[in-house]
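First to last, the protein sequences are chains A, B and C.
In the working numbering, each residue's number is its place in the first sequence (first place is 1) plus 7.
In the working numbering, each residue's number is its place in the second sequence (first place is 1) plus 7.
In the working numbering, each residue's number is its place in the third sequence (first place is 1) plus 7.
Please note that a few of the clues may not be correct.
The list treats identical chains as interchangeable, and a pair is accepted whether it falls inside one copy or across any two copies.
Here are the simulated DSSO-like cross-link-like pairs (lysine-lysine), alpha carbons at most 27 Å apart as the crow flies [unchecked claim]:
1) K255 with K89
2) K179 with K265
3) K84 with K255
4) K10 with K193
5) K258 with K268
6) K84 with K258
If you're looking for bench data, these hints aren't it; they were derived computationally from the structure.
What follows is the residue order along each chain.
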Amino acid sequence: MYKNLKVVQEQTPLVHNITNQVVTNFTANGLLAVGASPVMANAIEEVAEMASIAGAVVLNIGTLTTDTVDAMIEAGKAANEKGNPVILDPVGAGATSFRTAKAKQILNEVNVTVLRGNTAEIAHLTGEQWEIKGVDARSGDGDVTQLAKRASELFNSTVVITGEIDVISNNKGTNLVTNGDPLLIKVTGSGCLLSSVIGAFAAVNNNILEAATSAVSFYGIAAEKAANLVGDRGPGSFQIEFLNQLSKVTKDDEVLSKIEKTTK
Amino acid sequence: MYKNLKVVQEQTPLVHNITNQVVTNFTANGLLAVGASPVMANAIEEVAEMASIAGAVVLNIGTLTTDTVDAMIEAGKAANEKGNPVILDPVGAGATSFRTAKAKQILNEVNVTVLRGNTAEIAHLTGEQWEIKGVDARSGDGDVTQLAKRASELFNSTVVITGEIDVISNNKGTNLVTNGDPLLIKVTGSGCLLSSVIGAFAAVNNNILEAATSAVSFYGIAAEKAANLVGDRGPGSFQIEFLNQLSKVTKDDEVLSKIEKTTK
Amino acid sequence: MYKNLKVVQEQTPLVHNITNQVVTNFTANGLLAVGASPVMANAIEEVAEMASIAGAVVLNIGTLTTDTVDAMIEAGKAANEKGNPVILDPVGAGATSFRTAKAKQILNEVNVTVLRGNTAEIAHLTGEQWEIKGVDARSGDGDVTQLAKRASELFNSTVVITGEIDVISNNKGTNLVTNGDPLLIKVTGSGCLLSSVIGAFAAVNNNILEAATSAVSFYGIAAEKAANLVGDRGPGSFQIEFLNQLSKVTKDDEVLSKIEKTTK
Chain A
8 MYKNLKVVQE QTPLVHNITN QVVTNFTANG LLAVGASPVM ANAIEEVAEM ASIAGAVVLN
68 IGTLTTDTVD AMIEAGKAAN EKGNPVILDP VGAGATSFRT AKAKQILNEV NVTVLRGNTA
128 EIAHLTGEQW EIKGVDARSG DGDVTQLAKR ASELFNSTVV ITGEIDVISN NKGTNLVTNG
188 DPLLIKVTGS GCLLSSVIGA FAAVNNNILE AATSAVSFYG IAAEKAANLV GDRGPGSFQI
248 EFLNQLSKVT KDDEVLSKIE KTTK
Chain B
8 MYKNLKVVQE QTPLVHNITN QVVTNFTANG LLAVGASPVM ANAIEEVAEM ASIAGAVVLN
68 IGTLTTDTVD AMIEAGKAAN EKGNPVILDP VGAGATSFRT AKAKQILNEV NVTVLRGNTA
128 EIAHLTGEQW EIKGVDARSG DGDVTQLAKR ASELFNSTVV ITGEIDVISN NKGTNLVTNG
188 DPLLIKVTGS GCLLSSVIGA FAAVNNNILE AATSAVSFYG IAAEKAANLV GDRGPGSFQI
248 EFLNQLSKVT KDDEVLSKIE KTTK
Chain C
8 MYKNLKVVQE QTPLVHNITN QVVTNFTANG LLAVGASPVM ANAIEEVAEM ASIAGAVVLN
68 IGTLTTDTVD AMIEAGKAAN EKGNPVILDP VGAGATSFRT AKAKQILNEV NVTVLRGNTA
128 EIAHLTGEQW EIKGVDARSG DGDVTQLAKR ASELFNSTVV ITGEIDVISN NKGTNLVTNG
188 DPLLIKVTGS GCLLSSVIGA FAAVNNNILE AATSAVSFYG IAAEKAANLV GDRGPGSFQI
248 EFLNQLSKVT KDDEVLSKIE KTTK
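Same shape as in the complex, but just chain A (with noise of 0.2 Å):
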């Protein structure tokens, strides 16, 4: 864990986002908290120009429309023209028959490197029926860790399901990891900052299940720190010191990390 993040506090990864409107200051500033550098940029003039200078791109569909998924496509593919890595997440894929259809054109058109959404997003995406309310997902009764066993398969992606147990998955094998705090889950875009986040990882570490293992370690065990920290002092206040913690996680912290690899 904190050797993968050591290398992005070095190398300060830009991380190019197309992100939705609600979590574009949050993600930006933990960014910057985590060690990286993010950009955000969406006219269809100059993602791709953006997206070749950027070490990684992250694509998010929160506030989708068709003019910032033609820019994400377009940012997609340039990155996979200079083999950058990709993330998308597919906020809120399965709420309504727009935002599957295009989390799965994006799918179609450009090579995703790491797929990361909640069990239902991830359901949707891959034809499977659970429960999904607004972008708010409630966990069915399924193994979720053969869901990400089979959506790695379909889409050729490493693949990131969050939730109480966090399942990372690709060709190369399947992680677990029980980091993290309930609190994340009263903060908007606690989903979205971590998939930016796994950007920043992928920038720097060509071993793409190792690298979002990693940041979803690393992310869980700074969401306890903060939560520790703030008590019941409210999700205001674990939001703050959350951004705090994103900046203050060493080597001492590596001993936190709850990853459990399992064979293919």
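Given chain A, put chains B and C in place with the hints provided.
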């Protein structure tokens, strides 16, 4: 007050916001703190579908464009068909002729359940002249209660005019609420978030006068509690503590509620 | 410094921002903390009317699109007609050819009163080569003061180049400011908010060199005070305390001002 809050927390209504770029994050975090489930979706291709599954739709013209107003009308009509409440926050109506015209267009094409604004915004929509500067209003000398009643009749809506005294009026009666704290006006989007919180309360209570009055009183109580804790630390700290306190109003705070019910 | 701040607080100038999606909330809350009155409006149909009633217009290309740049030019021209100051923040100029071209287009079509950027952004606009990566700049070895003077002559504007030492230059003289704190660069939009604060100061003082210098020094002092209070708690806490301190600079803080006036 608390009875209504409790139902929101139990039912976690989905509140679909088409709102301005300034307040998206604060609105989402505020709704999460209250116990509701926020979603933002602006694309014309999906707003009707999203509005149909939401418990309430909140339309806010703070950074309106022609496209987003078209989406607002589409979403509003979909909510109307389902019989779900629509909240309109006509931010800055009167500041430019475009805003005034677009707010009126929404009122003409959508059955607005609750219209919430400051004195100047509501006055401009009724065709009366009050001073307005940008999106901030300076109260005139007119009788705000009478204005609320006239607007309620004119638009066939529950009208909420917020200021030092908040007025909530419809054809069932008129309530005055004196909860709140002056620090609220130092936090951008405090009015916008209130509109969304009214949406959450209206989503779970068909008695809109009661729902809106409870929401306004609850919101003011949370502000009072936050202001007490923050003292003179400043508007940044108040903003965060306010988010905390939105999640911490309990039955014991019922006694803080300052609602005056007046006969129609 | 304080004299200028006091006038802002007394006159609460309306500052019309057409800015990027990342910093809208932080900018609005920052302007409120300073004592100004923020408004955001991007629609081509209303920007001229809004700019006409505003004390200053701030144009920021951080997440530019062709449409928003068209609106910026419309707003800028309306402010020019009224004789009100226009601030341009060319975020990321040089990072993509689109940004550079659009920033130059604005400079060509609008009389920009204050151009504020980092070294790389300003250098790119003057046609000089400095290294730039995304929207972050790495200072080269060139003489920043000379660059500011050349840019000021070229664009007939007051030019503010921020960095470890801030340079403010126009045909009346050149000032250096050394207030500030390194934590500012861990908060996204700290440069953007400064541009808007310069707008607020310029709205109430026709001596633009003095207005901009006071704004830059004031801003740095608030950062120093916040950094002292926050210590090593982290960037999340600093961001909030900085908003607090923007509202808490007093006459007693005049002594903290570090302004060096140089002859032209």
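So, going through the hints one by one against the coordinates:
| no. | hint | verdict |
| --- | --- | --- |
| 1 | K255 with K89 | neither (32 Å within a copy, 49 Å between copies) |
| 2 | K179 with K265 | within (19 Å within a copy, 57 Å between copies) |
| 3 | K84 with K255 | neither (35 Å within a copy, 47 Å between copies) |
| 4 | K10 with K193 | between (29 Å within a copy, 22 Å between copies) |
| 5 | K258 with K268 | within (20 Å within a copy, 46 Å between copies) |
| 6 | K84 with K258 | neither (36 Å within a copy, 54 Å between copies) |
Hints 1, 3 and 6 from the earlier list are contradicted by this structure; the remaining hints agree with it.
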